[in-house]
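Visitor: Take each chain as given, in its own frame, and dock them per the hints.
One letter stands for each residue in the lines below.
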Amino acid sequence: MPDTKTYKLSFIVLTLVLLLCFFANISLGSVFIPFQDVFNGLIGNPTENESWQYIIHEYRLPKAFTAIIVGSGLGVSGLLMQTLFRNPLAGPFVLGITSGSSLGVALVIMGASLFGGAFAGIFVSKWSIVIAASLGSFAVLLLVLIISNKVRDTMAILIIGLMFGSITSATVSVLSYFSSAEELKQYIFWGLGSIGNLTWDELFIFFIIYAIGIIVSLICIKALNTLLLGENYAKSLGLNLKTSRLLIIIATSLLAGTITAFAGPIVFIGLAIPHMTRQLFNTSNHKILLPAVFLFGAIVMLICDSIAQLPSSDLTLPINAITSLIGAPVIIWLLVRKRKMVF
Amino acid sequence: MRFLTLLVTYSILLSSCKQEKQQAAIPINKLEGTQEIISYAKGFSITNYKNHKRVVVNSAWPNSDKVFTYLLVNKGEKTPEHDINSKIIKIPIKTLVAVSTTNIPALEYLGVDNSLIGFPNTKYICSEKIRKRVDNGDIKELGNDLELNIELLLELNPDMVLGFSVNGVDKKLDQIEQLGVPVVLDGSWTEQHPLGRAEWIKFVAAFYNKEKEADSIFKTIETDYLKAKEAAKTVARKPTVMSGSTFKDIWSIPGGESFIAKYLEDANTNYLWKENDNNGSIQLNFENVLEKAQNAEFWIGAGNFDAKEDMLQGHKGYAFFNAYKNNQVYSYTKRKGAKDGLLYYELGTLRPDLILKDLIKIAHPELLNDYELFFFKRLE
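Residue numbers (this note's numbering), protein chains in the order written: chain U, 34 to 376; chain D, 135 to 514.
One chain only, chain D, in its complex shape (with noise of 0.2 Å):
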C-alpha cells in the first residue's frame, strides 16, 4: 500500500515534467514580423514586430532541446496575445540583476550599465567603472551564483534577472522566476564562432531598446576581427600550437570545434588538435598529451598560471614539453581586476578582436609591430 503510494506520487512528479515539454511545442504569433540580421550566432534570434519584439533562444546550454521565448513589450503598451510559455518583459528594461561578468562589458558599451543593481561574486569584476559601483553600494552583492541571496534580490526587485544555465538543472533560477522576478537566459557561451559570442551584445540591447547602437558596436568589432583575420592569412607558415593544462592526471584540451580551435585557426597557427570533433573540452592523459605536443611550437592559453614556476607546482610534467622549454607558454593572465578577476572572462566575450589580434601578434609577430599582447601574457 505504501507503495502504490509512492509510486503515484512518483508519478505525479514525472507526468508534471511531461506536461511542461508538451505546452512548449505550441506554435504562436502568426502575426508578421521582421527579423533582426544576425550573423554568427546561433542561439537566438530577434523578431521585431509593431509593439514587441519577440526573442528565441534556443541554446540556453550546450545541446539543450528547449526553447525560451520572450515577449518584449514597450512600457505603456498592451500586451499582445501569447501562449502561456512566452515570458513577458516590460521594456526598456531600468534595473537588472546579472550573474556572469560576461555581461557587463555590454551594459559598459550599449551606455546601460547604471542599470545594473545586483550582482553575485563582485570581486569577480574588473571594470573600475562598476567596481566603483560596488564600493559605493549602488550594486548589492548578491552572494554566490548557484545560491543568489533570495531576500536581498526580492528587496531589489529587478525588471529581470540575466542568467545563465550550465544544463537547465538550476533551481534557484527556478525560484526567482516563480517569486516574480522574470529571469532571461544568455547562451552566449555555447556559441561556436568567436564573433557569434560577441553578437549576444545584440540580445542584450534589444532589452534596451538599442539595437542601432549594438549594431553600430558589433560591426566595428567584426570589421576589426576580420581584417586581423585577412592579414594572418597572409603569412605562409603555421606554427604549431598546443593548449590546456592538466588537473592530477587528466589534461582537459579545448575540442577541434570549440571556439578556442577557431580562434587558433583565424590566427592561421597549426592547432595539434584541430582534427578532434569536440565542441568543448576532452579529457586526456599527460603521456597521451605529450607524444602529440612535446614539440609544439607555443602553448597558449595555459591555465590560469602566472609564472612558468607556478605550472610546476602543479605538474612536474610540465617542464618536457619545448614550448616550456623555449620560454613559449602564453596565459591569458595579464590584467586583472581590484580583486583578482581576470579581465579576459570578462571582457574577452565581447572582444574576439582583441584576442585574435593578441594570438597574431603570439604566431606571427611581424604582422603586428605596433600591436601590445592585451589579455595574453608569455609566462616567464
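If we strip away everything but chain U, and leave its shape as in the complex, we get (with noise of 0.2 Å):
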C-alpha cells in the first residue's frame, strides 16, 4: 500500500484538475464567450457584451456548482451503499430512493389525468416537483427504516429496496398508460435529468441538505471501514451496528433522495464512482476513499456536463445520456487493465 505523502500529491492533483474542470465548464456553452470576457464576468467586472455577464452569473455558474454537488454527493452515496450492503452493484438507486422520487413526480405531472384535476392543483407551484420527489424518496426511506429495524440482515433489505422500486416503476407504468403526450414528455423530460435549471435561491436550500449529508457520511467513516470485515465481524469489535446502519442509510437519503429532486435521477454516476476511485487510489479504506470519490464526482460530472452543452452548438444533450455513455467504457478501460476488481 502506497504511504499517505502519495496521496496527498493525488489529493493536490485532484483538487487542482477539478478547479481546472470547473473553469472549463463555466468557459464553455451554447454561447461562445472569450475566456477575458468569462474572467470579467466571474469577477464582476463589465464584459463586452451584457448578456454574458448575466449568462455566466445566472446560469453557468449556478450550473457548474450544481454539478459539483449532484457528481460529489451521489458519488458519495453509492460509497456507503457499497461498503454497506457489500455488494458492488449497489448504488443510490437500490434501496428504492429514486423510485420513490419518481413516483412523486409522476403523481404531480400524470395524476391528474388519473386522479382529476384536483390532485395536481395541490402541488403547483414552482417547488411542486422539488417537494413531490422528496417526499416520495422520503417515504420509501421511512418504510425501508422500519423494515429494517424488524430485519437484521443487510441483503434482506437490499431485496426490499429493489422490492420498493418495482412496485414505485409499476405504479409509475399504470399512470402513464393513462396520460397525455404531453404529460408523458413532461415526465420523460424530467427523467432524463437536468442540472441546469437551479436558481440560486434553490442551490442554497439544495446545498444545505446536501451539506447535512455529507457531514453524516464523514461521522460514518470510521464504522464503515470496520463493515468492510463483515457485520459479525463488525460486531465483535464493539460497533453497533443498528446504528451505523441508520446513520448510513440516512445519509445515502439525504444525498440520493435531494439530488434526484433537484436534478431528475442522474443515472451511472452514484454506482460508477466509487469503482473508479478504487481502481486509481488501490485502497478500501474510507478515510482516503470517502474524499477521493468527493473529488472524482465532482469532476467527472463537471465535464459530463461540459460534454453535454455540446460547446459552440445550439444543441445540448440530456445529461443522463453523457453520465452512461462517457462513464461506462472508462470503467470497462479500468477493469481490463488492472484484470481485477478492487472491493
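No lab work stands behind these hints, which were simulated from the structure alone.
Here are the simulated lysine to aspartate or glutamate pairs, EDC-like style, with alpha carbons at most 20 Å apart:
| id | chain 1 | residue 1 | chain 2 | residue 2 |
| --- | --- | --- | --- | --- |
| 1 | D | 263 | D | 247 |
| 2 | D | 363 | D | 504 |
| 3 | D | 257 | D | 474 |
| 4 | D | 470 | D | 262 |
| 5 | D | 228 | U | 83 |
| 6 | D | 473 | U | 347 |
| 7 | D | 257 | U | 215 |
| 8 | D | 382 | U | 215 |
| 9 | D | 363 | D | 399 |
| 10 | D | 367 | D | 399 |
| 11 | D | 459 | D | 444 |
| 12 | U | 218 | D | 281 |
| 13 | U | 218 | D | 279 |
| 14 | U | 218 | D | 308 |
| 15 | D | 228 | D | 311 |
| 16 | D | 468 | D | 506 |
| 17 | D | 346 | D | 242 |
| 18 | D | 266 | U | 347 |
| 19 | D | 346 | D | 356 |
| 20 | D | 353 | D | 242 |
| 21 | D | 257 | U | 347 |
| 22 | D | 257 | D | 281 |
| 23 | D | 459 | D | 425 |
| 24 | D | 184 | D | 217 |
| 25 | D | 450 | D | 440 |
| 26 | D | 426 | D | 383 |
| 27 | D | 257 | D | 275 |
Sample of chain U residues at the chain D side, in silico, Cβ under 10 Å:
| id | residue |
| --- | --- |
| 28 | 64 |
| 29 | 88 |
| 30 | 91 |
| 31 | 92 |
| 32 | 138 |
| 33 | 143 |
| 34 | 161 |
| 35 | 211 |
| 36 | 223 |
| 37 | 225 |
| 38 | 227 |
| 39 | 231 |
| 40 | 232 |
Here the structure is a predicted model, which means the values were calculated and not measured. Cβ coordinates follow ideal geometry from the N, Cα and C atoms, glycine included.
Guide: What follows is the structure, given as C-alpha cells:
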C-alpha cells in the first residue's frame, strides 16, 4: 500500500483538476464567450456583451455548482451503499430512494389524468416537483427504516429496497399509460435529468440538505471501515451495528433523495464513481476513499456537463446520456487494464 | 435530530408555496377601465386604462385555479401602482420568443412576424415566410420546448416569451422568468369553442397595440364560420361520425364537450360520443369503440396517418370499421411544412372557419360544391 505522502500528492492533483474543470465548465457553452470576458464576468467586471455577464452569473455558475454537488453527493452515497451492502452493484437506486422520487414526480405530472384536476392543483408551484420528489423518497426511506428495524439482515434490506423500486415503477407505468402525450413528455424529460435549471435560491436550500448528508457520511467513516470486515466481525469489534446502519442509510437518502429531487434521477454516477476511485487509488480505507470519491465525482460530473452542452453548438444533450456513454467505457477500460476488481 | 432538520426544511418548502397562493388573492387596481369585448374565449380578459392595459389569464391550463395578471404599459409611460403578482410588460414589444406553432399565424396575420427572433424545434414550423427567416438565421433555434436553451435565450434577450403550460409544472419557464425575461402564458388551447381559440389573436395583439387589426381579422373568421354553420343546419340528414385512433389497445377519443365535438356538432353531424361530458379526450378500449362505431359513416381525425395501409400497421382492428372499408377515413395531414410539420396544428387554431368548412365538405359535400378540402384529406 502506498504511504500517505503519495495520497497527499494525489489529492493536490485532484483538487487542481477539479478547479480546472470548474473553470472549463464555466467557459464552455452554447454561446461562445471569450476567456477574457468569462474572467471579467466572474469577478463582476463589465463584459463586452451585457447578456454574457448574465449568462455566466445566473446560468453557468449555478449549473457548475450543481454539477459539483450532484457528482460528489451521488458518488459518496454510492460508496456508502456499496460498503454497507458489501455489494459492488449497489448504488443510491437500490434502496428504492430514486424510484420513490420518480413516483412522487409522476403523481404530480401525470396524476391529473387518473385522479382528476384536484390532485394536480395541490402541488402547482415552482417547488412542486422538488417537494413531490422529496416526499416520495422520504416515504420510501421511512418504510425501509421501519423494516430494517425488524429485519436484521442487510441483504434482506437490499432485496426489500429493490422490491419497493419495482412497486413504484409499476405504479408509474400505470400512470403513464393513461396520460396525455404532453404529460408523458414532461415526465420523460424529468427522467433525463437536468442540472441547468436551478437558481441561486434553490441552490442554497439544495446545498444545505446536501451538506447535512455529507457531514453524516463523514461521521460514518470509522463504521464503514469496520463494516468492510463483515457484519459479525464488526459486531465483535464493538460496533453498534444498528445505529451505524441507520446513519449510513440516512446519509444516502439525504444525498440521493435531494439530488433526485432537484436534478432528476442522474444515472451511473452513484454506481461508477466509487469503482473508478478504487481502481485509481487502490485502497479500501474510507478515510482516503471518501474524500477521493467526493473530488472525483465532482470532476466527472463537470466534464459530463461540459460535453452535454456541446460547446459552441445550439444543441444540448440530456446529461444522463453523457454520464453513461462516457462513464461506462472508462470503467470497462479500467477493469480490463487492472484485470481485477478492487473491492 | 436529522429527521427534525429534514422536516423543518420540508415545512419551509411547503410554506413558501402556500405564501405564493395567498398573495395571488390581493385585489388590485381600483381605476375605471373599459373592457375589451371578448365574445367566445373564456380564458382571458383585457381591460384598457388610460396609459396601460390589464390582461388577465384565468385558464392557462385545464382546471387551473391560478390567475395570471399582466400589466401592459406603453413604452415611455409611468408604471401604475400594482400588486407584486402583476407582471409588467413594456409595449409595444419589439422582440419575441414563442414556443408554440399556434402563435405563428397570429403574428403573421397581425403583420408582426418580424418580431419573432427565437423558437424551439423550428422544424415544426410550416409557414414559408417564417421558414425563410429561420433559414436566414433571423430566428434562432432554441432546442426543445421543454428544455429551451437558456444561454441562447439570454443572449437573444427578447422583450417577452410567449409560452404555454400543460399543468403549471414548468421548471424552465419559471427559470426564464427569474432570469428577468417576462413569460406570458397562452391558454388558447384550453378553450372549448373553436372560435374561442381563434379569439386569442386579440390577446397576442394586445402586446403589439394591434387590437383593431385583431378585431377585424377575428370578425371575418367569425362571420365565415357562422355562415358555414348556418348552411350546414339546412340539411336534415346527420351522418354518424367516429374519431380518434388507438395506441396499443387504448383508444383516445375526443370527449363530448371537447372542441372537436363542437366542430362536429356545428358541421351538423351525429358524433357518436356527443353525450359524453368530458372536455378533453377519453380513453376507451378497442372493443368498446368497435361495438359503438363499427357502422359509423365517417371516421374523421384518425391520427397522423397518411394512408390507409399505414393504419393497419398500427392496429389490425382498424379494418373492421365500415368507414375504413368504405374509404371514408379522413385525417388532417393534407398540408405539411418543408420539414413535415402539420399545417393543421399551426394554422388550425386561428382558422376554425376552414376546419368547419372541411368537415361540412366531408359530411355534406353538396353544400360546398366549389370548395376543396384545406386541412383534411381522405386516406386512400
